[in-house]
Amino acid sequence: MFEIGGKLLKSRLFVGTGKLPDYSLIEKMYYEAGVEVFAVAVRRIGPNTKHTRNVLEYIPNDAIIMVNTSGAQDHKEAVKIAMIGRELTNSNWVKVEIEKDTKYLFPDSIETLKACEILVKEGFKVFPYIYPDLNLAKELEQIGVEAVMPLGSPIGTNKGIGCEVLLKPIINEIKIPVIIDAGIGRPSHAAKAMEMGADAVLINTAIATSSDPLKMAVAFAKAVEAGRVAFEVGILKEYEYAQASSPLEDFISG
Amino acid sequence: MASFLEEAEELFKEYKEYIPTHKEVCDILDKEFLSKEDLIKLLNVSNKEDILLMVKKAQKLTRENFGKVILLYAPLYIANYCQNGCVYCGFSCKKEYRREKLSFEGIENELRKMKEEGIDSVIILTGEDRINSSVEYIEKACEIAVNIMSEVSIEVYPLYEEEYRRLSNVGVIGITLYQETYQKEDYEKLHPFGPKKDFEFRLNAPERALKSGFHEACIGPLLGLSHPKKDVLCAILHAEYLLEKFPKTEISISFPRFRSAGTDFMPLYTVSDKEFIKFLIIARLYLPRVGIVLSTRENSSLRDALIDVCVTKISAGSKTTVGGYAEEKDEDSEAQFEVEDRRSVSEVVDVIIKKGLRPEFTNWVKGVKNI
Chain A
1 MFEIGGKLLK SRLFVGTGKL PDYSLIEKMY YEAGVEVFAV AVRRIGPNTK
51 HTRNVLEYIP NDAIIMVNTS GAQDHKEAVK IAMIGRELTN SNWVKVEIEK
101 DTKYLFPDSI ETLKACEILV KEGFKVFPYI YPDLNLAKEL EQIGVEAVMP
151 LGSPIGTNKG IGCEVLLKPI INEIKIPVII DAGIGRPSHA AKAMEMGADA
201 VLINTAIATS SDPLKMAVAF AKAVEAGRVA FEVGILKEYE YAQASSPLED
251 FISG
Chain B
1 MASFLEEAEE LFKEYKEYIP THKEVCDILD KEFLSKEDLI KLLNVSNKED
51 ILLMVKKAQK LTRENFGKVI LLYAPLYIAN YCQNGCVYCG FSCKKEYRRE
101 KLSFEGIENE LRKMKEEGID SVIILTGEDR INSSVEYIEK ACEIAVNIMS
151 EVSIEVYPLY EEEYRRLSNV GVIGITLYQE TYQKEDYEKL HPFGPKKDFE
201 FRLNAPERAL KSGFHEACIG PLLGLSHPKK DVLCAILHAE YLLEKFPKTE
251 ISISFPRFRS AGTDFMPLYT VSDKEFIKFL IIARLYLPRV GIVLSTRENS
301 SLRDALIDVC VTKISAGSKT TVGGYAEEKD EDSEAQFEVE DRRSVSEVVD
351 VIIKKGLRPE FTNWVKGVKN I
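Here the protein sequences come in this chain order: A and B. Each residue of the first sequence is one higher than the one before, counting from 1 in UniProt numbering. Each residue of the second sequence is one higher than the one before, counting from 1 in UniProt numbering.
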């Protein structure tokens, strides 16, 4: 169990729903992969239509909805989207995602900081998606966000923990949870994030676009659990030379 | 001339005869981002095996960047008055044709009918006539649409920046504007009179719209009016230019092919299915995050195949006559162009789901623009 945003959670695997082929997978992931937090883009919370049902109808009552401000171009839009999202979902968990560009989808740090300041004051549980930037993470911690969500690699790339050297200082220095978001493409990447000491990971593309999203979610859940256990036990140091005893050992010890 | 057009002209000249080897194609496909030289080289590929390799990579990039989602929209023609003499168009003012314009009540009826079919993203279209389809008229139509649909875009004649701002202020999200052809000389011949004759004013319109607060722009040529490969190259570089200048907006590209529209016009160029597919795929390879839009001008089997590979947004259940949703009209004689895929929204949705994809009906948060 771990505590985040005032809730006790069993699973450290958070899942994004934006790219899923079918929303009925959400409930299956909840029951079969134990996923408790689902990120939902407010731009995807459409009304029921003749052909589609509102995504919210697929999310089990006990699961947590993290509303996502994706599509926001600046802090004003992000705040408004968060407000709309809270109205629609009745959840005050908000992932602040404001992109600097639509080519790389890199987060806009300045606008993110401004949006977080407002949203914390408005009583939201705020989860900003950021660059792995320790200074920014510290400022956000001071403001009172619930966790920071630095990217492992650029969004949707499946490249894994490409920013390891920048993520480690954040994990070491920040007291609030660190959720690695974006770029994780394989269960082994997720395990690595957890071994590094991340508190949770958020996965979307790697699960949603796999040939069997449910099985892939189960694979990620197992990897996240394994990585976390290993971190808690303590990952052994890597040695440059083997630790085998030497025939000279007796002579050297005298 | 816009710098990207000059660049396209030079690239085209330099690589006109250049056919890349199979190894070269593979090397290009191994890259994360293609150079402009790679782009023009791929446009020259005609070998089936190489095109199939390109298809494979395009499909992978589409899924990584857009997931398993296909957006659906439909056009709403609110007026067909036009002052232009475009030699190829069904709405041309030279054509004997029943001109009409929907009343605001008529617009609302059409929108409600579309909504009943499940459409939630609409593009409002008019011909180019500042008197019969004034900006005020378009603005009021958009206001009605914003109250009914989650997402409203326009495909109307090019406007001035302050006019785009007025529409943006009522909640219009996007602009679709086809340049028809990027080859200025051909453009001027094809548009012999009328306000549309102004090549630059049209070319710079998407930029003016994005400057005034629109969130997205869809651009492209009408393939067949001029040299297709050149036009595709220009459109891709135009999209890249807009992306660089307005990095937070979403840019889409579309390559409608010329279809007969009840005029005598015979295009100098025809674009085969193979070339058409190649063009769309190359747009995806060069601009992995750019939306690719496919209209009902294309037939159903080609559309179904392309949504599996590179397309992100398609129209469905489209009527291209004024008032065609609420009442039955003769789509063959009154439309701006011939619709090839006449399936209903439900039928298109079924295909999308059968392909393991998810239909979506909107891409933006309603009301977020009015802050």
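These aren't lab readings, by the way, just hints derived from the structure by calculation. Please note that the accuracy of each hint is not assured.
[What the hints assert, rightly or not] Part of the chain B face toward chain A, derived, beta carbon under 10 Å:
(1) D120
(2) L177
(3) E250
[Unchecked claim] Here chain B is said to cover these stretches of chain A; the calculated rule only asks that three of the stretch's residues, wherever they fall, bring their Cβ under 8 Å from a Cβ of chain B:
(4) 109-118
(5) 149-160
(6) 202-209
(7) 223-231
Every residue gets a Cβ at the ideal spot worked out from N, C-alpha and C, and that includes glycine.
Index of numbered hints that the structure contradicts, given in increasing order
2, 4, 7
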